[in-house]
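Line by line, the protein sequences give chains E, Z and A.
Going by the working numbering, the first residue of the first sequence is number -16, and it counts up by one from there.
Going by the working numbering, the first residue of the second sequence is number 8, and it counts up by one from there.
Going by the working numbering, the first residue of the third sequence is number 113, and it counts up by one from there.
In short, the hints are calculated from the structure, not lab data.
Watch out, some of these pointers could steer you wrong.
No farther apart than 30 Å at their CA atoms in a straight line, the calculated lysine-lysine pairs in the DSS-like style are these [what the hints assert, rightly or not]:
hint, chain 1, residue 1, chain 2, residue 2
1, A, Lys276, Z, Lys319
2, Z, Lys49, Z, Lys88
3, Z, Lys319, E, Lys98
4, Z, Lys336, A, Lys276
5, E, Lys99, A, Lys243
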Amino acid sequence: MSNIYANSYAIVFVFLCLGVLLPVGALTLGRWLRPHVPSEAKETTYESGNNPFHDSRIQFQVRYYLFALLFVIFDVETVFFYPWAVVYDQLGLFAFVEMVLFITLLALGLIYAWKKKVLRWM
Amino acid sequence: MMEQWLESAPSWSNIALFFGLGALLLAVVLAFVTYSILAERKVMGFMQGRIGPNQVGGRFGLLQTVADVLKLLLKEDTIPKAADRPLYVLAPVIAFAPSFMVLAVVPFTDAFRFADLGVGLLYYIAVSGLTIVGVITGGWASNNKYALLGGMRAAAQMISYEIPLVMSALGVVLLAGSMNLVDIVNAQQDVWFLFAQPLAFLIFLIAAVAELNRTPFDLPEAESELVAGFHVEYSGFRWAFFMLAEYVYMFAMAALITVLFLGGWHPVAFLGWIPGAVWFALKFCAVVFVFIWFRATFPRVRADQLMEFAWKVLLPLSLANIVLTAVVKAWFF
Amino acid sequence: MSGTDIAFFLLALAAIAGAVMMLQLTNVVHMVLSLVMTFLAIAGLYVLLSAEFVAVVQVLIYSGAITIIMLFAIMLTRHHADDKERQTTGGVGHKAAAAFAVLAFGLAVYAGIRTLDFGADGSALPADNAKAIGQWLYSYYTIPFEIVSVLLLVALIGAIVLAKKDGKGAEDE
């Protein structure tokens, strides 16, 4: 590991610590400052003034899941795009043809989803 | 300055030094958030023919946000009985920590920058995706109908716009030949990528606004239909951390747009005598102003328009942009 | 012990702790979040191995995308926070047998890797991960790469076909 690499990830770790310490610290500090007078009414779930009824953990429509599926697949494709973009200079035409094939297949999938009305949100 | 520290052998004193510098950046970011909220209220007031805050801290309301934060700190913290307690407490931390972590790779000037990662851009995108998990967790843990619905909507929106965001940034990576943000800035010495990649810039800007959950894409927080979205049940400082995460992301996103498309710290033409930090700050403020301007100008879009726009317009356009950029690069450079 | 070793042990501990929690917890959302902890710890281990591109992909795909699809799948089902029917954990005999099995597995793995030669260490890897991966992937492994794109297309179409059948049923109701 080079020094720059090691130091850079040490910084990432330090930022993670700071990002966790700030909320934890501020909330602990706030505990001594803020009042704490719990009551039955305060602890009920908010439902625009009505008394909360039945379970809130409802079953969601399948379209949420479909969009998540599309997201996973396209996210995986972007992972292939990035190394390609970085070395495009060195590889030239061959890499271009490869990627055009890749994008065509990707676009086919998107068109299929479009035609099947998966992309409709209603 | 930073370069020399990065090249020194890693040691505990280095980590302590980075901790100090990171804390300094955190202070700067918190100050930015404080005054960007004031600026937002002032600019929106101006655009809507109002005055905006003008009572606390002199004629310009300079201490208004400070007072708001103190109020939040002193507010009672309630956790609903029905909530899932451990996750309810954990969710603001999961949402906030990544928003600060992404700043580790953003180079502000040649001297003032932190981590120098070879995969900088992808790191930013990967880490910022973790916030979505925090948002769903917060919505689910609240055990509230509005919160869960808001959390799921926010997640659906953020994942849909992440794809065009990533794909449009690819045009920049193609031209720069690197994912390292410092290399990307240096590749813009002569021509900013705003001019070399206008389509990518537009897609990126729109997707960025949607990722930030700001108007016109602020459906997850639609007050009129969802009360407040995923953080209905949160109060006091726990709520403040969700809001803080949002504004820190605004800081990060404005900085990222400056780095990717506006040439970072590079000066305009012959004005090289003005230091890079000033240039960065100017471009950065311009981006933040555009975000505020959008908020004052556009009405909120409908849920179906929002989702279909990402998949049917932005995604095909960004794919076309990649092919176009590759063609231009292969035949004209 | 160097900083890298300390980091390795902490990350390994976090990865295992996440996995154990994922098995032990009874609430599905809690389980998914402990899985996120494991994913992130593994990303950290990749960083220690100088494989920063793989680490970032791990965070992007696993901690980001896969976690979200799991959460969405949970929201798709009927899940209640309060239906915690605890499975019986078995008697003393079961527990002793399990402990023995874990111990034996640990010893076997230790014996296996103690003298193992892993070849060159990570410092010999190219500094610019993404570039090296790109060069290999797009010049030597062209065919696998194109097959991956077909695989992704098939996965996409398959997912739509399966999910749309449910969707049709819902529309008819």
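Verification of the hints:
1. Taken as a hint, the A/Lys276 and Z/Lys319 pair is honoured in the structure, with Cα atoms around 19 Å apart against an allowance of 30 Å.
2. Straight-line distance between C-alpha atoms of Z/Lys49 and Z/Lys88 comes to about 39 Å, which puts the hinted pair past the 30 Å bound.
3. Proposed proximity of Z/Lys319 and E/Lys98 is supported: the alpha carbons are some 11 Å apart, at most 30 Å.
4. Distance hint between Z/Lys336 and A/Lys276 is unfulfilled; the C-alpha atoms sit about 41 Å from each other, more than 30 Å.
5. A C-alpha spacing of about 38 Å is found between E/Lys99 and A/Lys243, which places the hinted pair above 30 Å, so the restraint is violated.
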